[in-house]
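Chains A and B, in that order, are what the protein sequence lines are.
So the first sequence is numbered by the working numbering: it starts at 1 and just counts up by one.
So the second sequence is numbered by the working numbering: it starts at 1 and just counts up by one.
Simulated from the structure, these hints should not be mistaken for laboratory data.
Misleading hints may appear alongside valid ones.
As the list claims (entries may be wrong) - To give an idea of the chain B side of the interface with chain A (calculated C-beta under 7 angstroms), a few residues:
{"hint": "1", "residue": "Gly91"}
{"hint": "2", "residue": "Ala132"}
{"hint": "3", "residue": "Leu419"}
{"hint": "4", "residue": "Ser436"}
Every residue gets a Cβ at the ideal spot worked out from N, C-alpha and C, and that includes glycine.
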Amino acid sequence: VIRDAATFEVFRNAVSGAADEMAITVLRTAHSQIVASSMDFSAALCDADGRVIAQANTCPVHLGSIPDAMAAVQAAFGDSLAEGDVYVLNDPSLGGMHLPDVFAVAPVFADGALLGFAVSVVNHADVGGWAAGSMAVQSTSIFAEGVQIPPSRLVAAGELNETFLNLVLRNVREPDLFRGDLDSQLAACHTGGAGLRALAARYGRARFDSLVDELLDYAETLLRAELAEAVPGSYSFLDHIDDDGLGGDPIPFRVRVTLDAEGVEFDFTGSSPQVASALNATASFTRSAAYAAVQGLLAGDIPANSGFYRPFRFVIPEGSILDARRPAARGARGLVAYRIIDAVLGALAPVFPDRVPAAGDGGPDSVAIGVTGDDGGSTVLWDVLCGAWGARPDRDGVDGISPLGANLANTPVEEIERSGHVRIDGYGYLPDTGGAGRFRGGLATFRDMTVLAPSATVQIRSDRRAHLPYGLAGGAEGSPSANLLNPGPGETLLPAKPHLTMAAGTRHRHVTAGGGGHGDPLARDPHAVAEDVLDGKVTPEGAARDYRVVLTDAGGPDLAATSSAREAARP
Amino acid sequence: VPESTWRIGADIGGTFTDVVALGPAGRIVPMKVLSTPPAFGEGVVSATTAALAEGEAATAEVGAMLHGTTVATNAILERAGAPTAVVTTRGFRDVLELGRLRRPTLYDLGWVKPAPLAPRRHRYELDQRIHADGTVEPAVEADVAAVAAEIRAAGIAAVAVCLVNSHVRPDEERRVADLLRAALPGRYVTASVDLSPEMGEFERTSTATVNSYVGPVVHDYLTALQQDLRGAGVAAPLLVMQSGGGLLDAAKVVERPVQIIESGPAAGVTAVTRLARLMGLAGVVAFDMGGTTAKASLIEDGEPFVSADYEVGGGMNIARGLGSGAGYPVRAPSIDIAEVGAGGGSVITTDAAGALHVGPTSAGSRPGPACYGNGGERPTLTDANVVLGYLSPEALAGGRVAIHPELARKALGGVAGELGTDVAGAARGAYEVAVSGMTTAVKAVTSERGRDPRDTTMVAFGGAGPLYAAALARELGISTVVVPAHSGLFSSLGLLVADVERYGLAPYLPDVDPAAEFARLAAEVTAELQAGDADRAVTVDRFVDVRYRGQRFELRIAVPEGPWDAAALAEVRRRFHAEHRRTYGRAGADDLVELVTLRVRGRVAAGASLESVLTAPLPEGRPASTRTVRFDDDREALVLSRAALGPEPRPGPLVVEDMDSTTLVPPGATAHRDALNSVVVRWEQP
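Excised from the complex, chain B in its bound form (with noise of 0.2 angstroms):
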């Protein structure tokens, strides 16, 4: 991409559709406008030409159209994928449903299952069987050919094939699939193996039934938007950020859809783990925390961790395996992020006991917090952190939005009452809590998994993330917090500097050559990401997913450099110990490590510079002020804007305001602005 042209991120949400314009020698133009559903790339659309109108651009001038979506989880949240239909072997029709019987809650009687994506009725049986030992009884051409009847007569979209064992015979139930496809044109037909070739059929089926579920609807989306964007007369490709980090094209994500389900989260991930290679740092706690939620993340070495399997539409995840059921099981790569209930919209509540609550209900973005006036009751983090004078009394988002603190201090009255304490008191009691329960979150990323959250450095980003991470990291003994320019655009930032990549993976079966499924993924990757330009330079790295023997979790080992032998799996296998050891405490025998899957990942190099769009000249903003703000007690805090901030620390109570955010720096925290122009938070005695 030459350095002349503009890049554009597209990150959509259900209510705003956020673009950045990234034009020449850093330059950033952020937009935002309303989100058009049903038609998004009208916003989408909008937004783009507006921004660069702003900065003086045509859309032909458009390089790269870099795109994060929730389409894909909204299709799943609002039920609003094509009916879809499951194919697959003689007696287990009721797989999908059945699931693996946990509840996310131990004592709600009144709990209602997921319904399946696929219902009973649309559930087909083949007679078919392949054995554990690999032999296969076929299906019968006649007997899929039936089954494709009554899929076209049930009017049914789209198709997921998932038989039994069909990770140890691959082959079986791609045929099938192939024999759907051929009966069924321009239906949408998944095969299991294709996208999770391992042993578990439910969760198997269960990630073929939700590609299937979205993969017309992504299909529709992504066609109409690239048809729009071309009728702007925007030329560039449109890629889409993973799940698992990385973009890809918009026509091979058609494919596999499901994995951009976690699509926006990825993406601020990304933007962090480039700023943590920029300043060296080897461990990274990335916090995002914005209306509703707030994130963790960890990011070693310049790599985030990835899992190969998350839940999808079942509320929060809190990447710990304890809360299983509440949503659909998906296998596919995913920046493993913990969240947790609270944002700036989260209400604050007592109980009839007289404990403080804050979270998880949200106030959402209507009403949204009481100090919005938009009719609002119900105090929020929002209306504390007014109160608090933590944000400014008057204004939000450089003058777009009012603040009404008298509403703020009425909303917060009650629970004032409640608690029998002032107004000031119960905010400040809200933010101690919001803040413990962020912890959660940031210890399932660290703590649980044996790194010392005291060893990271804390990258905050989000609408509401540099209010909360002085505190929430001096709660874990984290004694730098680094909060980047244009920290509430975190996440469309992370568009423009993130690589292409592609991931493929296959089971270790013992009977298979590991050394020939590396060779085999790595050229299908590199073929696929040299699509139309062959002297496309691909990096590929190899992982296997390695446990113990009867292990439910399995970690991911890197692979050394060099050919696969005796020597790379002896490599491997002492990563293994090693690292079983550095997050559990202890290592197993050598005879019960059992290899998994083999991955690779390919990846090209396209993403933007982080450095040159952080180092761009800084607005000026508004001349440095005082204003009253409560910790403890009552201070007096300077209000001040990160250009005005310099390199030599200063000493907190501060107030850091940007146009999109505003960093807090409590009594006791020094800040001071790095070569990057990120405000950067050090506790002197954490």
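One chain only, chain A, in its complex shape (with noise of 0.2 angstroms):
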């Protein structure tokens, strides 16, 4: 496939190099603390065909869902398309994903032919609706969730449509950060389509053309490759979300994995239908999430470009959860794209039993608090939190950190301060909530806070509360997620899904889910679960209920009195 393996490699380096560049246009001038800090955003590369050609290291879950922005763009417009445009669209039922998440789009010319496009996409702070920030839960309906863009020409050969802009920015809660963050993805897409264009001078068109053809073909090589190890045979799945927020039933992800000498089909039939409140996906999301699964499982170094995409094969269910028809609601639906990568790990866990870790946190919790200044304007603080990974076939799970489908930063605790509308009043992990098993889930995450302004609107997306991060081989599940209003004597429990009004004073705490355990507990070095005590992430009495292990008064174990214990305890 590879003609010259040295040009090849040098092409390689700078089309990637070129995608990354546009990543970094974005972090570094960025505005709103959800892109410049928590890095919700992506950057890609296509050619004139919208084919992936690079993606930056940025959001997995976004990285699937370019080729439908792209085909939409070009069903919208694609006869037309000018040097200087930049499309924009949000719409999900046309290339886009939820409202939040707007995509740029700018074809690259080089000498006066289509050479290619520059994508960006940002996950705004707001883009209107009812509730700040976007993404509640609850919302029942797309027309309740802010401003629908269909694929538009924002920038017309260089001249920005104001008309436009200002009708979106009216509909937004905080205009600045909306135009500050559409400006990054826009000088974004400026670097992106200068590189497109250097490498097509470079190489000459043709060649140009025959290296992207390389380079899918490489990527698809890579990746059959490793789908060439494992046994071939279908294996099924089941995973759940707790709820839709509105007091419905627990929503049902299956899947069916089937590897064959095709490559390896999904097959989602037998998932939810699409759900009264806002978590509802597109195709083009589900494919994101299930190449992240994959992705993370093979932990190469496979560049994700359309031809990473060939051996895949979907069996997604029209107006299911995973593919919503209009007008659903969708601000929520990150949460599906963890179940799914949830539901996809579980079942090619017995494929490659050395590779799959047990569940994680579900997916990172959101906190959106929305203050309403006297102005009339508002204030959005946005709050990730992540809790862990679940235990992996041969090491602990990993303890705070961002799930797989996302690569999401905590806000700094000064920097929500700040604000002067709420205060945190205590961040860290909680003992003995790591599934236990011969390797240990990583530790749930507690967050608490206390409202400072006079009134201040929250919207919490949890999950994992009722169906649990998943151990594996014969470890024990993660511990559920919490939402405590007032923790402490008489405190209330709210739902993992609440939109609530709090007063000056009040207080609350969440907690993440902890990630599930792998192998058997007993099978624990006792010397590993005396470590946890003395770090205080397993208790004394965790440690004698989770691992039967026996304590000496200096802290360490006692592994003559742990060996009876753990005999006792076997059946």
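Dock chain one against chain two, each of which comes alone in its own frame, and use the hints as you go.
Below you can see the structure in the form of structure tokens.
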């Protein structure tokens, strides 16, 4: 496939460097906390056919969605794309995912011919709608979620459509931030376009096109080589989201993964129909999640381009939570991706038993705090709470980490407090929350806050309270998530996905789920348990109950007593 | 420092200790010895004594002892720092371990998070709170005493204090730190605000923890080294290179060891900075390539770019912000250096789909490249360079390292077979791939900052830099490459020519007068730099870190001369908009401008003249010869010494061999030697 190894590798470096440069442009110039701090954005370069050539090292669950956005732009404007144009969209039915994710697509021309596209995706802090942050679970229609942008020509041959932009800005809560972040996207597209043109100039158009073909074939070849190691067959798994936030039933995610000579098929038949609340995904997002699960499993350096996608086949029922019909609400659909990843990895655990970890916390929980000022303007504080990864087949899970499907950062306590609207009273681990196993699951994280503003609307998306993160190979489940109002005596347990108004002085504790364990807890090295006790990650009671480890007064394991206790505990 | 005395630059690495002695009239005596861990001072003393003996001088004639060291970095990489405790606000003991939740690789379910330098059992909480509005619920002294008792009982040597919001009320944190110091004599105590008075509890805690973790190690190391030097008759004070450039007295370094973590790389960039000033070059890319990595940094108008933070212990530093989470963040001034895993020892491989890769695995110094004959079998870039004829097929380093070209060819045979090419074709492919990887590092410090590399001159140094510089420059459209004399020793030379510098910083707070803060900081650094000699001339530069509201990255803006007033503020804002436009292609609204940190840098001119070092007579070297060198095809190239290269440009292909490095001049480029004895390589049509 590769005609000249040195030329190919030089091209590969250059094209992935150009995509990274786009992401760096967004990162360094974005204004909103969610982009600059949480890094919820992505960037990619495509060829003239809309195939993804390279993607930056950013947000995994965005990455597979770019072909759909490209297709929507081409369907709407394919005949009239011009140099200096930039198209934007966020409509989930027309290439988008959920309304806060705004795509910017810039066609790139060289010598008068279409060369490719530079694409950036940014999760904006707010795109209007009834709830601050535009991601409320309780939305029941997309018309309540914010401004819907079908594929639209925002910039025509270098000329910004101010009328259009002003209309959008008037419909969002923090227009300065929206404008600043959108400008970052445009700057990134500019950077990416320059990178693509430089490559075409260097290699000539014909060689550029053949190198793109080689690059896509290369990814496909590497992926097929990895898949060839798996035992062919069909593997099923069932996982759940607890509820839709409106009092509905558990939401099933059923997947059957089939590995065969053609590649790998993901059949989601039997998963939930679309739900009444905003947990509905698009097919593009569902595919993104499946790709991310496989990438994580392979842990390799396979370029995430359109060639990587070729061995995949999908059966995604239309009208399901995985591919909902308009006017379904979508704002909180991120959770769907995390559960798809859990289900896909669960299905693949028997195929790759030495690679698949137990389930993690089930996705970052989000807490959006909205405060309306005297002037009618609004501030949105968006806090991401990530807990843990599940235990791996050969080592413990990770404490305090963003899940595989995202690579988000938390917001510093001091940055949140600077607003004056809330105080954070504590942030840390909770003991005995990681699923017990030969390898322990990661610990749950808590975050305590007190509202200082006279009144704040608080919107939380969490899960994994009833359907816990699974363990593998005899490992225990991770602990459940929780939302506690005024924790302590007389506390109230709130639902997992509440939306409520809190007055000044109201206290709240959020607890993420803990990660699942891997392997038999009675096979865990007693020294590792003793170390966890010394660090307060496992209590002495937990050590006795979950691991049957007896500790000496000095804090070390009493190996003889532990051995007897474990013997007695075995069935 | 009188002209007649000797200056010693000592750079200690894990394997070798390099000493460069600079005598009267720019005479340079290099000396390389094996490092002597853990008693590193022995190696320094023996190398210094040997170098002076060769220069026919006595240790009493040493006027300045200048040092670059990896001791702090190694303490972290080898997890050999002091047992360290963290003391923080109730509810926040896990801040250090939670970090920012990000990981450096997107798709690696086997990833292991770096273990915290202070384990959870040694992180203590106090019932106290500094609120965001500046009100304080102070810690009770009895509680601090109780924590001190626990720390004492746990046998802990170092303590980092970081309270939530201490950047708003540094006094409360300093009070707690002072109470702990009083209760824990002999322990090393750091208050986070003394290093980083800025918002961000995790980064501040991490900085303080790193400082405390390496503090006792650095203290012991520098104390022992000073004793050894005094024992050998060296009375001169010991100065250490800081990550941000500039030397600092060892006693001061012990208070803030976090500032010397990137000591080694900073020295080389300092030397290039001096060269850029001597040559009057506005934009310079410093390109340094050694055995395992290639590094690039940008020097503009005679000043390197200095970043406010970086990660230590996380492997390659590409200075871009996308890959955070691999190491321990540190907020300390550091010359902004982008690094990629391409060095002479980088291993050449192919993958399952037939693509060719270079690095990041390195053959290291043992066994090293196959052609060294030390048992290495994996092909490295050095092997490729021998096969291509770029490096001498007989010996390197003036005859100290014998070369076995047949072993290089053998090692590359496997890769050539995989690629279906001949051995030289595979070697040339690896050379080109390495060049392309290094463009990433240069772009990270130029085009990603809005600087066009074509507007710069490249200065190449390090053992392997001059072999790749011309090709790298062509790839980036840079027309001129300068390879200075002693380019293989340039990092050590940087020690000899550096100034003494001291940094100070304070957060910009709306209710504090910046003019008074600047005056206070200037007075502090001046007093420290004038300790022992009140007549010493100190230059103070002022800077402000500025961003638009909500941004995560600041730009450092120089404050104009004169008083801090409305006009100065307006000028800072104007410069910020302009710099932002230059860097990112656009500027934001004026009402979004946010001043974040006030910074001062005090400087005492102390360095030796780089000019006299470079213009000292060159060794004659070996007589000129020719050998076959492979580019797109085989060419006969003239091989000559630097001394034999004259002021008239000669066309490539040429190979210029020095004692400590080799400069490759490809066909299409010319080379001549300038008045500073640098080899200047020019591309006719870049």
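Status of the hints after comparison with the structure:
no., hint, in the structure
1, Gly91, "holds (3 angstroms)"
2, Ala132, "holds (4 angstroms)"
3, Leu419, "holds (5 angstroms)"
4, Ser436, "holds (4 angstroms)"
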